[in-house]
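Student: Chains as they are written, first to last, in full-length UniProt numbering: chain A, 1 to 85; chain B, 1 to 85.
Wrong hints could be hidden among the right ones.
No distinction is drawn between identical chains; accordingly, a pair holds when it is met within one copy or between any pair of copies.
[As the list claims (entries may be wrong)] Here are the simulated DSBU-like pairs of lysine-lysine, each with C-alpha atoms no more than 35 Å apart in a straight line:
(1) Lys73 / Lys38
(2) Lys19 / Lys52
(3) Lys19 / Lys38
(4) Lys19 / Lys73
If you're looking for bench data, these hints aren't it; they were derived computationally from the structure.
2 protein chains.
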Amino acid sequence: MQYDGVLFSVNTRRESPQKMLGSAIRERRLELDVSQEKLAELVGVHRNYVGKVERGEQNLTIESLVRFADTFKCRPSELLGEAGL
Amino acid sequence: MQYDGVLFSVNTRRESPQKMLGSAIRERRLELDVSQEKLAELVGVHRNYVGKVERGEQNLTIESLVRFADTFKCRPSELLGEAGL
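Taking the hints into account, I'd like the entire structure generated from these sequences.
Tutor: This is the structure in C-alpha cells:
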C-alpha cells in the first residue's frame, strides 16, 4: 500500500489552545509563587477552576482571560503570546 | 455637598473586552471586504454569531478567538493586541 509520503500526524498544527494557555497561566502562577487556591482567590474564581484551566480542560472566555491577566498585571494579549498563541 | 473631586466615571478602565474585541474583528472583516455572512461561513459559525461578536454581545472563548484569528491569518494574541487588550 503506497503512502503519499505525508505522515499522518495526530498532533494538529498546535497543542490545543486550552492546553497552551493553561501552561502559560501555570508558569505565571509559579513565578508568583502562589498556590492554585491562592490564585483562584486573587482572580475571584472557584479554587477547582484554576486546576482545570492549568490542565487545559477549560475553554476560557475572553473575560476570564482578562481577569487572569489583570491578576498577573500583564495584558491579555501578552499572556496569549506567552502561550504561543 | 462636597465632592472629593474624583469624578465618578461610568466607564471603567476600559470598554468591555467584548466590545473592544468586537471592534477589532469588525475592522479585520472590513479589511477583508467580506460581509458578516461570508465571514461566518469562513470561520464556520452561525451567520448571526458574527454580528453579535462585532456588537460586543458575545463573550468569545479562546477556541473561537483562535478560529477568527486563523481565518484572518494572524495570531490570536495579535488580534487581542489590535483590540487594545
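Student: Compare the structure with each hint and give your call.
Tutor: Against the structure, the hints come out as follows:
1. Lys73 / Lys38: within (16 Å within a copy, 37 Å between copies)
2. Lys19 / Lys52: Answer is both: 10 Å inside a copy and 27 Å across each meet the 35 Å cutoff.
3. Lys19 / Lys38: Both ways: Lys19 and Lys38 sit 21 Å apart in one copy and 30 Å across, limit 35 Å.
4. Lys19 / Lys73: Answer is both; intra-copy 21 Å and inter-copy 21 Å each pass.
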